[in-house]
Amino acid sequence: MTMHQVPAEDTKPAYNYAYLDEQTKRMIRRALLKAVAVPGYQVPFGSREMPLARGWGTGGIQVTAAIIGPSDALKVIDQGADDTTNAVSIRKFFERTADARTTEATEEATIIQTRHRIPEAPLKSGQVIVYQVPMPEPLRKLEPREAETRKMHAWAEYGLMQVKLYENIARFGEVTTTYDYPVLVNGRYVTAPSPIPKFDNPKMHMSPALQLFGAGREKRIYAIPPHTSVKSLDFEDHPFRIQSWTEPCGLCGAGDSYLDEVVIDDRGARMFVCSDSHYCETRRAEGHRGAMLGDAALTGLVEETKP
Amino acid sequence: MSAQNMIAPGFSDPVFQSQAAFRALLDALSEPGTLRRVDGDITPPEGMEAATAIALLALADYETPVWLPQALRDGPAGQWLRFHCGVTLVAEPGQATFAVIDGTAAEPTLAAFNPGNDQFPDRSATVLVQGAALEGGAGVTLSGPGIPGTRDIAPNGLRAGIWAELEENAALYPLGVDLVLCHGDGMLGLPRSTRIEEAR
Ligand SMILES: [Zn+2]
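Sequences listed follow chains G and H, in order.
To convert, note that position 121 of the first sequence is 121 in my numbering; the numbers rise steadily by one, no gaps.
Whatever position you read off the second sequence (first residue = 1), add 1000 for my numbering.
Simulated from the structure, these hints should not be mistaken for laboratory data.
A hint or two may mislead.
To be verified - Estimated spans, in silico, between C-beta atoms of each pair:
1. G:246 <-> H:1150: 38 to 46 Å
2. H:1094 <-> G:154: 14 to 22 Å
3. G:206 <-> H:1120: 24 to 32 Å
4. H:1063 <-> G:178: 39 to 47 Å
Claimed, not checked - Okay, derived cross-link-like pairs now, EDC-like style, lysine to aspartate or glutamate, Cα gap no bigger than 20 Å in a straight line:
5. G:219 <-> G:180
6. G:124 <-> H:1027
7. G:198 <-> G:236
8. G:219 <-> G:146
9. G:219 <-> G:83
10. G:141 <-> G:234
11. G:219 <-> H:1063
12. G:151 <-> H:1118
All values derive from a computational prediction rather than experimental measurement.
By construction, the Cβ of each residue, glycine as well, lies at the ideal position given by its N, Cα and C atoms.
Extracted from the complex, chain G is given alone in its bound form (with noise of 0.2 Å):
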């Protein structure tokens, strides 16, 4: 667990705390306080430009920068891992702007913003994870026209997203869809979980913590409050099911997490490991040991912890 700071002359921008305006802000937090009390319909909101690329999670960050405190210990993920790119590049934003205390810890952070995963760790009451949504409309891959998935909604007709799921059963045997697989949120509203794996809806359901979702592009803004529940799409004989895989993560020997298949020396060896690198590191921490973990040690590619 690294806690990343910054030195002080840095936090004295000629920007205004957290980047975002005030007038703005405000009109982010009246759009969550909405969404909070609708959970999984899109609030509309005037998205702002960034000083990050598209595609970089600006509506994860808009959200962020309307809720982060000096209080708040923020966590940033993408695909499961703290040390990417797009991670390391948003956590110094904040550092930056908001003179934000940051965290590798899934436990110790308030805030976690994530693309593409939930944590291993159970998340707690008083967490607020914020997802980076590129496309919030379930629906658009059915119907294009804003106008009318706008009125699905209203009226609460998903027949049209039944049938395609149907239609993917009778073709494949099973529903195909392994991300971003669509959510019932309370009972009302069809709605994207983000690209998470399906391996993550449930848990979703019936969380202690908090959950936002920004689209920066398509400028919307949901939540699923605490203990909400949320129940991904099925039908009673085809019931959801989430992956599996054969073998546990190679390195920590975890059998209950979502693993990615990683290639380790150049003969195109492979092992599967776990994607969220916070919850492998803490298991290899407190002893687990997976079946390829001293040879990873051996080529470099882990530092192998001791007990």
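Given the structure of chain G, go ahead and fit chain H with the ligand onto it with the hints provided.
Just chain H with the ligand now, kept in the frame of chain G:
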């Protein structure tokens, strides 16, 4: 300017006090019925609870018309709000984005405020209800998003019909107004998604 005409100050540190007030509101509305405290370090204008004043300082501006009871609208509170937030005060409850009501007054009822529409349920009013206390009254049981199982609350100083009005409001879901009960530096959220299980 005489002391009587002076408008009382707002936040001394607007950036951080707004942020803290917003987080209290976010917590209040995402976990309905839990008591949240805001930094009470301001002197609210006459007729306004500190929590009400702080919520409006944090959220209201020229984009959000505000409805106040006439005595507040015509008094220091109206002046204070126009000065600090740049809001337009409206006489028609249905036009308000934010409203402040006296919990004991019979009018206006919750149905007088904008519940949003089916395509834009977010365009509904947020109603700040000023009560005598957030505890010690007759109890009700809440359920819904933000509540593991059920949660009991017992705010005091609210009109007898308020729970029936809230049940009607919840029946409009996903339309409806969202309530924040305010007293002193305390607030308690009752969004439209909250169901009133039983009045005890
Ligand atoms: Zn692992």
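Here's how the hints hold up against the structure:
Distance hint check for residue 246 of chain G and residue 1150 of chain H: the Cβ-Cβ separation is about 43 Å, which falls inside the suggested range of 38 to 46 Å. At about 20 Å, the beta-carbon gap between residue 1094 of chain H and residue 154 of chain G stays in the expected band of 14 to 22 Å. Between residue 206 of chain G and residue 1120 of chain H the C-beta distance comes to about 28 Å, which sits within the given range of 24 to 32 Å. Checked against the given bound of 39 to 47 Å, the beta carbons of residue 1063 of chain H and residue 178 of chain G, roughly 41 Å apart, stay inside it.
Taking the CA atoms of residue 219 of chain G and residue 180 of chain G, the gap is near 18 Å; set against the 20 Å cutoff, the hint holds. With a C-alpha separation of about 14 Å, the suggested pairing of residue 124 of chain G with residue 1027 of chain H holds against the 20 Å cut-off. With a C-alpha separation of about 18 Å, the suggested pairing of residue 198 of chain G with residue 236 of chain G holds against the 20 Å cut-off. Of the pairs offered as hints, the one joining residue 219 of chain G and residue 146 of chain G holds, with about 12 Å between alpha carbons and a cut-off of 20 Å not exceeded.
With a CA separation close to 28 Å, the supplied pair residue 219 of chain G and residue 83 of chain G exceeds the 20 Å bound. Proximity of residue 141 of chain G to residue 234 of chain G is assessed by CA-CA distance (about 18 Å); at most 20 Å being required, the pair is judged to hold. Of the supplied pair hints, the one linking residue 219 of chain G and residue 1063 of chain H holds, its CA atoms being roughly 18 Å apart against a limit of 20 Å. At most 20 Å may separate the alpha-carbon atoms for a hinted pair to count; residue 151 of chain G and residue 1118 of chain H meet this at roughly 8 Å.
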